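Enquirer: Okay, here's what each chain looks like letter by letter:
2 protein chains.
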Amino acid sequence: MVTPNLFVVVDPRPTNAIPCADLAREFGVHAVFTNAYLAYREPTLRDAVLKAGSIHNHLGFDGIVATDSGAFQQYMHGGDLKVSPEEIESFEESIGADCPVILDVPVQLEDSREIAAAKVEETLTRARDNVKRRTAIDRAWFGPLHGSKHLDLLAYSAREMAVLDFGIYAVGGVVKIFNQYRFDLGVEAILTARQHVRPDRPLHVFGLGLPQFFALAVSCGADTFDSAAYALFAKEGRYFSLEGTRQLAEIQEFSCCCPACSRTTPTEVRQLAPREREVFLTRHNLHITMTELQVVREAIREGTLWELVETRARAHPRLLDALRVAGSDKYQQFFDHHEPRIGGRGIAYTGPETLNRASIRRGTRAILEDYTPPTGRNLAIILPEVDTSPRVSPASRQWVGEIEQSLGVLGPRLHFLHASNIFGILLEELLDSYPFSQSMAPIHPDANQINLHLTILTSFLKKYAAHYQLAAVFRPTHYTSEHGDVVPLPTHVLDFIVPGFLNTIIPFRIFAEISELAGWVRANAKPPASLEDRGER
Amino acid sequence: MVTPNLFVVVDPRPTNAIPCADLAREFGVHAVFTNAYLAYREPTLRDAVLKAGSIHNHLGFDGIVATDSGAFQQYMHGGDLKVSPEEIESFEESIGADCPVILDVPVQLEDSREIAAAKVEETLTRARDNVKRRTAIDRAWFGPLHGSKHLDLLAYSAREMAVLDFGIYAVGGVVKIFNQYRFDLGVEAILTARQHVRPDRPLHVFGLGLPQFFALAVSCGADTFDSAAYALFAKEGRYFSLEGTRQLAEIQEFSCCCPACSRTTPTEVRQLAPREREVFLTRHNLHITMTELQVVREAIREGTLWELVETRARAHPRLLDALRVAGSDKYQQFFDHHEPRIGGRGIAYTGPETLNRASIRRGTRAILEDYTPPTGRNLAIILPEVDTSPRVSPASRQWVGEIEQSLGVLGPRLHFLHASNIFGILLEELLDSYPFSQSMAPIHPDANQINLHLTILTSFLKKYAAHYQLAAVFRPTHYTSEHGDVVPLPTHVLDFIVPGFLNTIIPFRIFAEISELAGWVRANAKPPASLEDRGER
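Chains as they are written, first to last, in my numbering: chain B, 3 to 539; chain A, 3 to 539.
Rather than coming from a laboratory, the hints here were simulated on the basis of the structure.
Given the structure is predicted, the values throughout are model-derived calculations rather than measurements.
Incorrect hints may have been included.
Any copy will do: because identical chains look the same in the list, a pair fits if it lies in one copy or spans two.
Unchecked claim - Heads up, simulated SDA-like pairs for lysine to any residue below, C-alpha to C-alpha not over 20 Å straight-line:
hint : residue 1 : residue 2
1    : K178      : T390
2    : K332      : L491
3    : K528      : R364
4    : K465      : P342
5    : K332      : L126
6    : K53       : Y333
7    : K465      : R415
8    : K332      : L153
9    : K464      : N181
10   : K465      : A275
11   : K178      : E430
12   : K528      : A33
13   : K178      : T482
14   : K332      : H32
15   : K134      : L111
16   : K332      : K528
17   : K332      : D497
18   : K178      : V488
19   : K464      : Q273
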């Protein structure tokens with residue numbers, strides 16, 4: 003099974019709005035999740051499944067079938083299960099489930115720490131029993147991880163479960179977190195589980211079915227989900243959209259061209275009998291769901307997953323909050339560890355959250371920590387980055403050329419820094435290296451871009467104060483765009499510099515004319531420094 | 003015709019990848035744009051169209067048909083047109099075009115101001131001639147507005163054209179602007195045209211076909227577009243997606259479930275003969291295009307157009323730049339004039355650009371300009387806004403209650419201000435008014451949210467320094483969420499206040515405990531002020 007992917011939840015009873023037989027062909031479904039407990043509890047149904055020879059035959063689905071143990075029922079609806087772990091788990095094996103779930107004890111959101119801890123321990127005990135008891139060896143058992151909002155318990159659960167052999171580890175008890183739009187907590191649960199469970203096994207999230215959250219969940223380390231949301235929402239007249247779920251009653255035009263929507267209109271659908279209306283909505287919701295998985299997988303292949311995550315997060319302020327939590331210092335080490343170091347794709351800036359990406363943090367860290375300025379180039383010239391890379395921008399190339407020419411013999415001592423809207427500063431000798439190359443940000447900066455620039459520039463000058471004799475900024479009023487037009491330079495990150503403050507670090511001035519900049523540099527450059535002065539001892 | 007809408011460009015020759023007869027039924031197309039010049043130039047084709055009785059019959063399309071005059075051909079491909087305005091415009095009339103275009107003289111992007119001005123004048127002369135010459139009275143003629151990057155010329159063109167009677171005014175000469183991803187210039191062209199042409203007629207944009215730009219163009223005042231991009235991109239193997247156009251060759255899974263994509267796979271499509279491949283891509287691209295128009299129209303009906311615009315802008319940093327230009331001070335008056343004053347929907351914060359919206363600027367202006375603090379309430383208490391509106395948040399209600407209780411007789415003199423992540427501050431008596439009510443922002447602020455808060459708070463205290471005796475901030479470490487959990491208050495806009503500075507305006511302190519806050523307020527509140535002291539003279 004290609005991941006990330008979804009186990010589509012289906013009823014073992016013949017009540018599904020979409021027959022299981024249609025799922026693979028029409029919707030591209032690879033895997034389903036069904037409820038072994040429901041099948042076990044009803045004698046007629048149990049007999050039918052056993053008689054069919056396998057749950058696959060019973061459902062008429064020949065992809066991967068996962069089975070739930072009844073614990074989820076109990077988690078969602080309460081009540082006592084009249085079944086033991088031994089009974090239901092061996093039933094799951096006997097009906098040929100590819101991915102059975104043990105009978106775990108999910109932690110509820112409102113559970114106190116003590117109750118939660120007891121449930122985690124009970125689940126661990128049952129997990130250990132399951133490992134000993136298993137007979138079929140070709141199954142990928144789900145190992146549920148619990149703790150809910152008690153993230154330290156969830157971490158403990160993940161560590162303890164990781165030493166037991168499960169095919170898939172699964173964050174449980176989060177459905178109600180998602181139902182309450184607490185995506186920030188959802189993200190922390192996924193990140194906590196992913197950091198503490200073994201990295202060589204897939205991580206599943208039980209009950210995650212809101213398509214606009216898929217990209218973020220995947221970027222935090224989730225590999226698979228299961229959900230009945232497509233069907234449950236349909237029962238309530240709710241129509242999935244990546245911009246936010248709508249009520250069918252309120253829709254005038256469909257925002258979708260899936261096979262269901264392109265054959266009808268909202269008015270026609272509202273006139274259907276309730277069951278047909280539900281079938282329509284179920285089909286639409288499942289199309290949206292499965293297509294979003296394709297979008298996520300394509301984004302992973304292309305190296306644009308973060309751009310997708312950041313776009314989808316606009317669907318709800320709580321999703322944006324969740325993205326901001328994922329980008330906080332707390333999780334930087336995790337993301338840094340998992341982000342490719344080389345060969346990545348250039349970064350496209352989508353908003354302040356982009357600056358939290360591991361590749362950007364790594365880039366700015368490289369400039370401030372792992373960097374040695376080039377020997378002898380001790381006159382810093384800071385230029386504005388404009389509409390395209392300084393390597394190809396006609397303006398940048400022209401400015402560098404004119405400044406070098408104006409400064410004559412000082413040319414080899416100039417070090418060009420480009421005031422960047424995405425990395426703070428770009429160093430001329432690193433322009434072609436990942437992640438600095440090919441990245442792109444708006445030329446009209448927001449406050450986070452400005453802050454990053456000020457922080458990086460200040461830290462850079464402080465750190466290398468021994469190397470540079472001075473820093474001169476060129477801030478022209480106009481520039482030549484990549485299309486050859488001479489246009490005004492809009493408000494730039496450079497405009498927020500406080501030169502008086504930086505001047506206390508090293509001699510620092512801002513100029514609007516190259517001739518004035520050159521004059522000041524010439525007047526203030528000391529004769530070629532001795533090795534000691536270059537700060538190279 | 004419902005707007006916003008697209009005139010789908012079709013060839014008058016029988017070469018279209020999608021037969022015109024299928025456009026309405028399969029794609030929901032209401033209007034097409036075809037080329038009268040091409041039909042006029044080729045005698046056989048001309049005869050066929052005239053023989054058919056109308057361009058509608060010739061195409062087999064019974065919706066609205068617009069016809070181009072040949073000027074666009076000349077704009078895109080150069081060369082001389084061997085036809086006069088009289089000839090082609092009367093041909094357009096004779097074939098029954100619903101929306102004919104005059105033979106205008108488009109300005110090229112590289113045209114100097116002088117050349118551009120001459121072309122604008124020539125187009126105006128031809129427009130005046132057309133108005134005099136027209137015979138059919140039931141047509142909506144397109145009145146092209148030109149100037150390209152010379153926005154003052156475009157404004158002049160719009161003002162002069164506005165006094166002539168045209169059914170639709172149309173920004174011309176912008177295709178190459180869009181082809182170069184200069185969306186900022188595109189936005190300025192649309193805004194300039196919309197501001198200077200008569201407001202009671204629709205504004206069209208010639209050659210705008212990139213779906214991810216529709217929402218922004220519409221929000222800037224465009225009503226209709228026309229484009230052949232869906233077909234031209236298909237010829238080049240390009241596959242539309244709202245996250246950015248892809249090359250078919252690079253696609254592993256389709257990001258779409260339109261009727262074209264859901265019947266096949268990228269591998270299968272790549273194996274098709276070139277013409278079938280083109281047909282597939284044309285169909286997919288047109289589905290995406292028409293669906294995005296439905297999404298835009300639904301967003302307008304729902305009052306969520308800005309949320310959609312801000313989401314789509316993440317597709318490319320240049321789109322984000324364009325959105326930032328549209329949000330700049332230069333265009334605030336225009337947007338303020340067109341944004342509904344009452345009954346709008348609560349605002350969902352998507353990023354720094356949200357703060358430029360007319361309703362937010364109006365809200366903050368109301369607080370700073372059109373506001374009188376309630377008589378006698380001269381002790382300002384500033385509370386953090388948390389996860390939900392202060393009206394319903396258990397934390398906010400509890401804090402207000404405890405502070406009122408602690409301060410006893412001073413209770414009626416307290417004025418509660420909520421430090422807002424979207425409006426800077428919320429005033430207790432305006433909590434239920436639009437736009438303050440129902441708006442929602444991330445609780446984890448970005449730098450623009452912080453800056454807005456600091457600016458508004460400072461300006462507010464300066465403006466009403468005569469009214470308030472003091473301001474006390476309550477900044478607790480924890481709060482009770484809407485779900486009843488006690489959770490840490492994350493880094494808040496309040497944490498960036500410099501109390502020492504504000505204390506120079508009026509007595510100002512920050513407290514982590516209500517008892518300490520109450521003690522300080524009690525110690526510093528002066529006896530009930532006389533009318534003069536309240537600043538009410």
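Enquirer: What label fits K332 with L126 when the C-alpha limit is 20 Å: within, between, both, or neither?
Expert: Result: close neither inside a copy nor across copies, 27 Å intra and 63 Å inter.
Enquirer: Taking 20 Å as the upper bound on the Cα-Cα distance, should K178 and E430 be classified as within, between, both, or neither?
Expert: Close neither inside one copy (51 Å) nor across copies (32 Å); limit 20 Å.
Enquirer: Please sort K332 with L491 into within, between, both or neither, judging by C-alpha distance up to 20 Å.
Expert: Between copies, since 16 Å is at most 20 Å while 37 Å is not.
Enquirer: At most 20 Å between alpha carbons: which applies to K528 and A33, within, between, both or neither?
Expert: neither (71 Å within a copy, 71 Å between copies)
Enquirer: Check K178 against T482 for me: Cα-Cα at most 20 Å, and say if that holds within a copy, between copies, both or neither.
Expert: Between. Shortest inter-copy distance 18 Å satisfies the 20 Å Cα cut-off; intra-copy 55 Å does not.
Enquirer: Is the C-alpha distance from K332 to H32 at most 20 Å within one copy, between copies, in both cases, or in neither?
Expert: neither (35 Å within a copy, 53 Å between copies)
Enquirer: When no copy is named, should K178 and T390 be tagged within, between, both, or neither for a Cα gap of at most 20 Å?
Expert: Intra 46 Å, inter 18 Å, cutoff 20 Å: inter-copy only.
Enquirer: Checking K332 and L153: alpha-carbon separation at most 20 Å within a copy, between copies, both or neither?
Expert: This pair counts as within: shortest intra-copy Cα distance 13 Å, inter-copy 48 Å.
Enquirer: For K332 and D497, with the copy left unspecified, which applies at a CA distance of at most 20 Å: within, between, both, or neither?
Expert: Between copies, since 19 Å is at most 20 Å while 32 Å is not.
Enquirer: Check K464 against Q273 for me: Cα-Cα at most 20 Å, and say if that holds within a copy, between copies, both or neither.
Expert: Answer is neither; intra-copy 70 Å and inter-copy 59 Å both fail.
Enquirer: First find the shortest C-alpha distance between K53 and Y333 inside one copy, then the shortest across copies, and answer within, between, both or neither for a cut-off of 20 Å.
Expert: neither (50 Å within a copy, 72 Å between copies)
Enquirer: Taking 20 Å as the upper bound on the Cα-Cα distance, should K528 and R364 be classified as within, between, both, or neither?
Expert: Neither: 34 Å inside a chain and 55 Å across chains, both beyond 20 Å.
Of the hints listed earlier, those the structure fails to meet are numbers 3, 4, 5, 6, 9, 10, 11, 12, 14, 15, 16 and 19, in rising order.
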